[in-house]
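*Asks:* Can you build the whole structure from these sequences, using the hints too?
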Amino acid sequence: MIDNVLEQVIALIEANPRSGQALLLYALCKTLDIEKSGHMYTLGKLVDMTPANRQLSYALMELMSLGENRGEAWDAALVRMDRAIRG
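If you're matching positions, the sequence shown starts at 4 in the working numbering and goes up one per residue.
A portion of the hints provided could be inaccurate.
[Stated by the list, open to error] Quick list of simulated restraints, FRET-style, between CB atoms: (1) Glu75 / Gly47: 25 to 35 Å; (2) Ala18 / Asp51: 17 to 27 Å; (3) Ala79 / Ala18: 14 to 24 Å.
Hint data in this document are derived by calculation from the structure and do not stem from the laboratory. Note that the coordinates shown come from a computational prediction; the quantities given were computed from them, not determined experimentally. Glycine is no exception: its CB is placed at the ideal position from the N, C-alpha and C atoms.
*Replies:* Pasting the structure below:
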C-alpha cells in the first residue's frame with residue numbers, strides 16, 4: 004500500500020509543485036513525519052482538496068496509523084517531495 008500511495012502523491016507534487024493541491028499534500032506528509040508534533044494538521048484543509056486528493060490524504064493518514072510513515076520508502080518519498088517543492 005505504501006508505495007502506491009506515496010507514488011501518487013509524489014507524481015502530483017512533481018507535476019506541479021507550486022499548486023495549492025501539491026502544497027496541501029506536502030504539508031500533510033511533513034506533518035505525519037514529525038511524531039513529536041502530535042501530527043497536528045488542520046483538518047479544515049481537507050475541504051480545500053479535490054475529492055481525489057482527499058482520498059490520498061486519507062490513505063496517508065492510514066499509513067501513519069499503521070506505522071508506515073517511517074522507513075526507507077517513506078524517507079525516500081519525502082526527499083523527492085522536498086526536492087520538487089524547493090525546486
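*Asks:* Could you run down the list of hints and mark each one as holding or not?
*Replies:* Now the hints, each set against the structure:
no.: 1; hint: Glu75 / Gly47: 25 to 35 Å; in the structure: holds (32 Å)
no.: 2; hint: Ala18 / Asp51: 17 to 27 Å; in the structure: holds (18 Å)
no.: 3; hint: Ala79 / Ala18: 14 to 24 Å; in the structure: holds (18 Å)
In this structure, every one of the numbered hints holds.
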